[in-house]
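Trainee: Assemble the whole structure, with the sequences as input and the hints as a guide.
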Amino acid sequence: MLEINNLHASVVDIENSEILNGINLKVGKGEVHAIMGPNGSGKSTLANVLMGRPDYLVTDGDVTLEGESILELRPDQRAHLGMFLAFQYPAEIPGVRPWQFLKAALDSKAESRGEDKMSVRNFSKLFDEKVEAVGINPNLVKRSLNEGFSGGEKKRNEMLQLEVLQPALAILDETDSGLDVDALRIVAEGVNSMRSPERSFIVVTHYQRLLNYITPDVVHILVKGKIVKTGGADLALEVEKDGYQEYLEAAGANA
Amino acid sequence: MTLATPAVAVEKFSGAYESLAAGSSDVPEWLKAVRQQGWATFSELGLPTKRRGNELWKYTNLQPLAAADFAYIVGGLVTVDQIKAAGPWDDAWNTIVVVDGKFSAELSNLHDTVGLDAGSLAEAISSGKGDIESQLASLAGREEYAFTALSTAFIEDGAYIAIADGTELEQPIQVVFVTSDDAESRASYPRMVVDAGANTSIVLIETYLNLSDSAQFSAPVGELFAGDQSTIRHYRVQIENESSFHLGTTRVRQLADSNFTSTSFAVGASIARNDVHTLLDAPGATCTLHGLYMTSGSQQQDQEISTTHAKPGCSSNQFYKGILSGKSHAVFSGKVVVMRDAQKSDATQKDLNLLLSRGAEIDAKPSLEIYADDVTVAHGATAGHVDKDTLFYLQSRGVDEETAKAILVRGFAEEMLNEFEPKALNDFVERITDERIPILLAESDTIGTA
Ligand SMILES: Nc1ncnc2c1ncn2[C@@H]1O[C@H](COP(=O)(O)OP(=O)(O)O)[C@@H](O)[C@H]1O
Ligand SMILES: [Mg+2]
Numbered sequence: 000m001l002e003i004n005n006l007h008a009s010v011v012d013i014e015n016s017e018i019l020n021g022i023n024l025k026v027g028k029g030e031v032h033a034i035m036g037p038n039g040s041g042k043s044t045l046a047n048v049l050m051g052r053p054d055y056l057v058t059d060g061d062v063t064l065e066g067e068s069i070l071e072l073r074p075d076q077r078a079h080l081g082m083f084l085a086f087q088y089p090a091e092i093p094g095v096r097p098w099q100f101l102k103a104a105l106d107s108k109a110e111s112r113g114e115d116k117m118s119v120r121n122f123s124k125l126f127d128e129k130v131e132a133v134g135i136n137p138n139l140v141k142r143s144l145n146e147g148f149s150g151g152e153k154k155r156n157e158m159l160q161l162e163v164l165q166p167a168l169a170i171l172d173e174t175d176s177g178l179d180v181d182a183l184r185i186v187a188e189g190v191n192s193m194r195s196p197e198r199s200f201i202v203v204t205h206y207q208r209l210l211n212y213i214t215p216d217v218v219h220i221l222v223k224g225k226i227v228k229t230g231g232a233d234l235a236l237e238v239e240k241d242g243y244q245e246y247l248e249a250a251g252a253n254a
Numbered sequence: 000m001t002l003a004t005p006a007v008a009v010e011k012f013s014g015a016y017e018s019l020a021a022g023s024s025d026v027p028e029w030l031k032a033v034r035q036q037g038w039a040t041f042s043e044l045g046l047p048t049k050r051r052g053n054e055l056w057k058y059t060n061l062q063p064l065a066a067a068d069f070a071y072i073v074g075g076l077v078t079v080d081q082i083k084a085a086g087p088w089d090d091a092w093n094t095i096v097v098v099d100g101k102f103s104a105e106l107s108n109l110h111d112t113v114g115l116d117a118g119s120l121a122e123a124i125s126s127g128k129g130d131i132e133s134q135l136a137s138l139a140g141r142e143e144y145a146f147t148a149l150s151t152a153f154i155e156d157g158a159y160i161a162i163a164d165g166t167e168l169e170q171p172i173q174v175v176f177v178t179s180d181d182a183e184s185r186a187s188y189p190r191m192v193v194d195a196g197a198n199t200s201i202v203l204i205e206t207y208l209n210l211s212d213s214a215q216f217s218a219p220v221g222e223l224f225a226g227d228q229s230t231i232r233h234y235r236v237q238i239e240n241e242s243s244f245h246l247g248t249t250r251v252r253q254l255a256d257s258n259f260t261s262t263s264f265a266v267g268a269s270i271a272r273n274d275v276h277t278l279l280d281a282p283g284a285t286c287t288l289h290g291l292y293m294t295s296g297s298q299q300q301d302q303e304i305s306t307t308h309a310k311p312g313c314s315s316n317q318f319y320k321g322i323l324s325g326k327s328h329a330v331f332s333g334k335v336v337v338m339r340d341a342q343k344s345d346a347t348q349k350d351l352n353l354l355l356s357r358g359a360e361i362d363a364k365p366s367l368e369i370y371a372d373d374v375t376v377a378h379g380a381t382a383g384h385v386d387k388d389t390l391f392y393l394q395s396r397g398v399d400e401e402t403a404k405a406i407l408v409r410g411f412a413e414e415m416l417n418e419f420e421p422k423a424l425n426d427f428v429e430r431i432t433d434e435r436i437p438i439l440l441a442e443s444d445t446i447g448t449a
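Line order of the protein sequences matches chains H and E.
Residues 0 to 254 in numbering that gives the first Met the number 0 are what the first sequence lists, from first letter to last.
Residues 0 to 449 in numbering that gives the first Met the number 0 are what the second sequence lists, from first letter to last.
It is worth saying that the hints were derived from the structure and are not from the lab.
All figures in this text were calculated on a predicted structure; none of them were measured in a lab.
Treat the hints with caution; some may be incorrect.
[As the list claims (entries may be wrong)] Just so you have them, the derived chain H footprint on chain E, three or more residues with Cβ under 8 Å: (1) 378-390; (2) 398-405; (3) 412-424.
Even for Gly, the Cβ is constructed at its ideal location relative to N, Cα and C.
Mentor: So, in structure tokens, the structure goes:
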């Protein structure tokens with residue numbers, strides 16, 4: 000499904016600002032990969048580079064989806080291919096209602112694929128179902144997108160969009176942070192219910208907590224812009240117990 | 000003292016003034032005196048083309064207006080269908096139509112509404128309705144301001160609206176000021192007097208349209224009297240063509256516990272000024288002055304908004320939003336004066352702008368003049384571009400860049416559009432906004448991912 004080869008990326012307009020230092024990663028169809036790492040290691044940068052955020056410049060390497068490089072594609076084109084990023088810090092958009100915006104997103108996707116747009120009636124039905132499923136306050140989704148939402152409400156709103164858009168590859172960037180246990184369970188249930196042989200996930204997390212609910216197929220440890228260790232679900236437990244210190248030291252020694 | 004310089008462009012208007020004065024044998028003496036006073040003031044002032052040292056016109060170049068010529072011909076041929084197609088309309092509303100400065104009984108749609116007297120200003124003048132003699136030109140026309148002076152010199156007709164004490168009207172009253180579909184450039188000076196008695200409640204919509212593409216010049220003046228405990232929900236829609244000059248003035252005098260709430264939608268004209276002043280003249284009066292302006296091309300759009308707190312315990316709120324593109328220019332000049340007696344005043348001012356192009360320019364100057372000590376005030380102004388993080392957020396969900404920008408611009412306007420409550424009016428401003436956004440974005444250059 001997704002293949003990352005020797006990916007290097009830095010911040011546009013800042014010299015010598017390399018954040019990703021040669022990432023290699025393969026995510027197969029239907030797999031759930033967890034990416035863990037200390038703060039500042041480049042997890043969000045990786046997630047954003049995959050989605051095509053213009054703040055970053057890919058200086059080397061490649062990313063392919065189903066064998067085709069996506070680096071030249073705009074973010075909306077990547078979305079049309081089935082990619083989705085749940086943001087660590089979702090933007091607040093005054094005056095734009097989630098309903099209206101999600102309809103526009105679905106319409107664009109349908110249009111790009113030459114499919115028929117969903118009728119307003121069917122969309123409303125789907126939307127209401129998903130609102131209930133992710134446990135977001137229905138009054139909230141009548142207001143401006145994310146404006147005045149609490150941290151937890153924003154994350155639920157990201158889950159709402161994930162569930163409506165039904166992507167083939169979902170990248171969740173710390174969707175668990177700032178959530179209480181109930182909300183965490185809703186996120187996990189959402190992911191678990193969407194798991195299928197056709198859909199892959201990259202779950203970025205700082206803590207092992209979320210992985211109690213979502214069992215990953217593969218766990219990667221990202222330190223200083225490089226994947227320093229890859230293992231099974233047990234690796235997350237190890238990190239939980241021992242922390243990132245040993246990896247940081249090793250990366251520091253190499254640098 | 001500076002040397003006296005000749006007043007600009009007075010001669011362009013003098014012929015029309017003289018023939019109006021000569022041909023008005025049936026006009027009451029008091030009005031003749033009012034006109035004369037207006038003309039005297041205007042001939043001294045001329046058009047305010049001088050910008051240096053002229054605080055009111057520092058950011059606005061009126062040279063194009065001074066260079067143009069206009070014929071003064073009141074009343075042209077217009078059909079109801081043309082008006083319905085060009086502006087908001089609802090048959091249930093009481094609608095007064097004023098064509099090139101003249102009230103039209105045929106085009107107006109007036110129902111028999113108890114407590115409402117709505118119709119021609121000329122008729123109100125000739126039959127001496129209500130307090131017309133003391134009200135007309137009392138709030139606008141006696142000060143040293145070229146456009147109200149000019150308008151006062153040419154007082155002939157327009158709209159007169161009187162609401163009897165205790166009358167509460169649910170259906171809006173609309174006044175459509177329209178210039179006819181005529182290739183000729185005309186000048187018009189329609190007046191509006193609104194006399195809202197005590198304990199009244201009305202919704203008032205002022206709409207400015209032109210049906211031709213040629214340059215029109217209008218200097219409309221509205222004078223509104225808000226009686227004790229009256230509530231006026233006012234809307235002002237200005238969508239004149241982009242060759243025209245619109246120098247509009249609204250003056251409101253508010254009595255005890257009255258509430259004047261106004262939202263303006265200003266997108267038209269080549270040079271436009273929306274000059275509003277509210278006088279909070281008795282305790283407990285509140286005013287809310289809001290508006291949305293959108294400019295593209297080389298449009299100039301000014302909001303000259305001021306409130307005087309003359310008595311204690313009043314509150315005022317000014318909040319404007321602007322969306323600017325192309326090489327357009329907008330001015331927000333907000334002023335609040337709190338007089339010495341006006342203790343316990345509460346005043347806020349805010350102006351937020353979205354700049355879509357490098358060539359667009361905003362001059363925002365909120366200002367407060369406070370002579371009382373027990374007051375609460377807050378003011379601020381900002382100008383920003385479309386946020387690139389927000390744009391990325393929308394794009395990452397599959398919305399293409401153009402659509403994403405349109406969604407963001409529309410979102411910026413949304414809270415003002417929502418204030419337009421009457422259904423037909425709301426539909427109208429939404430439609431005009433949705434038509435404008437692609438034009439604004441076509442002239443946009445500061446935002447977006449390459
Ligand atoms: N747009 C940016 N401009 C400047 N520095 C950035 C930018 N994005 C990320 N960084 C820097 O790159 C490093 C990695 O950040 P990030 O990817 O957010 O880490 P993580 O998500 O693992 O906590 C940090 O040092 C951060 O400050
Ligand atoms: Mg992060």
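Trainee: Taking 8 Å as the C-beta cutoff, is the stated coverage of the stretch 398-405 of chain E by chain H satisfied by three or more residues?
Mentor: It holds, with 5 qualifying residues against the three required.
Trainee: Are 3 or more residues of the stretch 412-424 of chain E near chain H, judged by a Cβ distance of less than 8 Å?
Mentor: With 3 residues close enough to chain H, the hint holds.
Trainee: Please count how many residues of the stretch 378-390 of chain E have a CB within 8 Å of a CB from chain H and say whether that reaches 3.
Mentor: Since three or more residues must qualify, the claim that chain H covers the stretch 378-390 of chain E holds, with 4 doing so at under 8 Å.
Hint compliance for this structure: no hint is broken.
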